[in-house]
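Undergrad: Here is what each chain is made of, one letter per residue.
Number of protein chains: 2
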Amino acid sequence: MPFFPEELTESAQIINEVIEQLIPQTPGEESKLFDAMRHSSLDGGKRLRPFLVLSSAAIFGVEREFAARVAAAVEFVHCYSLVHDDLPAMDDSPLRRGKPSTHKKYDEATAILAGDALLTLAFEILAQRETHPESSVRCELVRALAEASGGRGMVGGQLLDLIAEKEEFDVGAITRLQRLKTGKIMIFCCEAGAIIGRAGQRSRHALHSYGQALGLAFQVTDDLLDVEGDQDEMGKPANQDTKRKKATFVSVLGAGKAREQAGMLANQAIKHLEIFDKKADPLRDMAHYILERRV
Amino acid sequence: MPFFPEELTESAQIINEVIEQLIPQTPGEESKLFDAMRHSSLDGGKRLRPFLVLSSAAIFGVEREFAARVAAAVEFVHCYSLVHDDLPAMDDSPLRRGKPSTHKKYDEATAILAGDALLTLAFEILAQRETHPESSVRCELVRALAEASGGRGMVGGQLLDLIAEKEEFDVGAITRLQRLKTGKIMIFCCEAGAIIGRAGQRSRHALHSYGQALGLAFQVTDDLLDVEGDQDEMGKPANQDTKRKKATFVSVLGAGKAREQAGMLANQAIKHLEIFDKKADPLRDMAHYILERRV
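Chains A and B supply the protein sequences, listed in that same order.
With my numbering applied, the first sequence corresponds to residues 377 to 671, in that order.
With my numbering applied, the second sequence corresponds to residues 377 to 671, in that order.
Derived from the structure by calculation, the hints contain no laboratory data.
There could be a bad hint or two in this list.
Pairs count within a copy or across copies, as identical chains cannot be separated in the list.
Here are the simulated DSS-like cross-link-like pairs (lysine-lysine), alpha carbons at most 27 Å apart as the crow flies [as the list claims (entries may be wrong)]:
1. Lys622 to Lys542
2. Lys475 to Lys654
3. Lys480 to Lys422
4. Lys622 to Lys480
5. Lys655 to Lys481
6. Lys647 to Lys408
7. Lys408 to Lys633
8. Lys542 to Lys481
9. Lys622 to Lys654
10. Lys422 to Lys475
11. Lys542 to Lys480
12. Lys647 to Lys622
13. Lys655 to Lys622
14. Lys633 to Lys647
15. Lys654 to Lys542
16. Lys408 to Lys622
17. Lys633 to Lys481
18. Lys542 to Lys422
19. Lys542 to Lys408
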C-alpha cells in the first residue's frame, strides 16, 4: 500500500476545501457559532468516512463534486457526535484531534449549539440540488444517513456506550453497541457511493457488507489503540477506556485475540469487494491500513 | 372564535397519535433513550406549529396523513430545541410543560442524546416515502426545515438569545433574534402546506408573509406572558426573562406598546391571507387566539 496514508491525506484535503465553502467565516453576533462549527469540523481527523464515500463513489464514476458534498455531510454528523460526546455530561474530554475540544475552546452552550447546527447542516446539504440532480437520490441519502445516525443508529450506540461504563457487557453486547455507534455510519459511507452512482442492489449489498466488516475491524483496532497507542500521535488521551473500566473488545477478548479478530474482519471486508475491479483498490487498501494504523 | 382552542386541542390529539406511532415504546438497553424522546415530545404543549402545518395544508386539500407526518417532524425539531435549551449549560430550566424537564427526569447525557435523536428523526420522517409520494416534495421539506432550524435559523437565534442575557439589545436586535429563534420555523410551518400541496408561488409567498407576522406576534405575547402570566397555568416558571435581565420586547418597549405591537402584527398576518377563501379561517382564528392566549 505505497499510497497510504497519502491517498487519505488527499481526500482529507478535498474535504477541508468543501467544508471551508460550506461553513464560511461569518461576521456579526453569531460569528461565535460558526467559528465553533469550523473549529469542530476543519483540520485534523483522519477523514476515514469521507474517504469511504469518495472511494465508493469512484467505483461508479460519480462526479467528484457530488461525492465530496455527501462526504462533507457525513463528516459533519461525525464531528457533531464528537462535540456532544466530549461534553462534561458525557465523556468529559478536554482534547480532540490535538486541540481543545469545542466546549473547552468556547463554552458548553456554544458546543451544544455548534453540534446541533452541524447535524442540521448535514441534512440541508444532502437535500440541496447541488448534491445531485435527482431528488430521489437526495431523499435516499437523507433517509439513509438519518437512519444510520439516529436513535436506532449512532445516538442509540452512544447511549449504550454510557451504559457500558456501568454494566458488564459481553462480546455480543459490545458488538451490538459498536454496530450502532460507529458501524451504521461506516456502512452508510460505503453505500453512499452506490446511492449517488445509482448502482444496482448487488453492488449496494456488497458495499454494505464491506462497510459492516470494516467498521467492526476499525472499532477493534480503536480499542487496541486506546491501550497501546501514543497520546501525542493520536491527539487525544490514551487509556481512557481502562480508566473508565469500560468494556471494550480488548478488555473482553484480550489484546492478542482482538488483533486476530481485526485481521479476520479486514479479510472478510476485502472478500466482499470481489465483484468489483481495480477501481475498488482504495477500499481494499483501506482494510489493510486499518490494521496498520497508529492513530 | 368559538372553536378555539378546541380546534387546537383536536390538532394536538392528532399529533400525539402520530408521535405515538413514530416513537413507540422500545424494549432493551436503549429503552431509556426512547422513553426520554417520548417524555420530551408526547403530551403537553399547545402544538401551535403542528396546527399551522395542518391548517395550511388543509387550504390545498392535502391528505391529512401526509400533513400530520410533516407536523410531527416540525414538532420534533421544536421539542429537541426545548430539551437542549433547558440544559444546565443553557437556560437551566427544571420545568417544562408542567413536568420535569428531560435532564431532570433522566440525566444530562440522556437529554443531550434524546434531543439529538429527535432532530435526526425529524429529517428521517420527512425523507420517507410515507410522507409524500414525490421525492421532490420530500426534498424541499427537508431543505426548508433544515434551513429554518440550523445555524442561520433557530440554532443561531438561540445563540443570540444567550448573548442577549449579557449585552444590551435594542428592538431591532431583538426582532432579528426572534426571527431566527422562532420566526423561521413558524414560517416553515405555514409554507409547509403550500409545499406538500404543490401550490403556486403566490400562495406560498402569502403563507410566508402570514407566518412571519404571526411568529413575531407570538413572540411579543410570549414576552408579555413571561411578565404577566401565571406559572401554574403555563406549566413553566414565570418572570424568567426579568430574573435573567434578558432584553425582550416588553423590557424594551414596555407592556403597553408591546401589546399594541402584537395587535398590529396579528392584523397584518390576517391581511396576508386575503387571497384565500374560508378554508384559511383556522389560520385567521389563530392570529386572534395568539392575542388572547393565557398560556
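Undergrad: Against this structure, judge whether each hint is valid.
TA: Against the structure, the hints:
1. Lys622 to Lys542: within (8 Å within a copy, 40 Å between copies)
2. Lys475 to Lys654: neither (38 Å within a copy, 59 Å between copies)
3. Lys480 to Lys422: This pair counts as within: shortest intra-copy Cα distance 22 Å, inter-copy 37 Å.
4. Lys622 to Lys480: both (24 Å within a copy, 25 Å between copies)
5. Lys655 to Lys481: Answer is neither; intra-copy 41 Å and inter-copy 52 Å both fail.
6. Lys647 to Lys408: neither (47 Å within a copy, 38 Å between copies)
7. Lys408 to Lys633: Cα proximity of Lys408 and Lys633: none, with 46 Å in one copy and 33 Å across.
8. Lys542 to Lys481: Between copies, since 19 Å is at most 27 Å while 29 Å is not.
9. Lys622 to Lys654: neither (40 Å within a copy, 62 Å between copies)
10. Lys422 to Lys475: Within one copy only: 14 Å inside a chain, 43 Å across chains, cut-off 27 Å.
11. Lys542 to Lys480: For Lys542 and Lys480, both the intra-copy (26 Å) and inter-copy (20 Å) Cα distances are at most 27 Å.
12. Lys647 to Lys622: neither (32 Å within a copy, 61 Å between copies)
13. Lys655 to Lys622: Neither: 39 Å inside a chain and 59 Å across chains, both beyond 27 Å.
14. Lys633 to Lys647: within (21 Å within a copy, 72 Å between copies)
15. Lys654 to Lys542: neither (46 Å within a copy, 59 Å between copies)
16. Lys408 to Lys622: Between. Shortest inter-copy distance 19 Å satisfies the 27 Å Cα cut-off; intra-copy 35 Å does not.
17. Lys633 to Lys481: neither (39 Å within a copy, 41 Å between copies)
18. Lys542 to Lys422: neither (30 Å within a copy, 38 Å between copies)
19. Lys542 to Lys408: Classified as between: cross-chain Cα gap 15 Å, same-chain 36 Å, threshold 27 Å.
Comparing the model with each numbered hint stated earlier shows that hints 2, 5, 6, 7, 9, 12, 13, 15, 17 and 18 do not hold.
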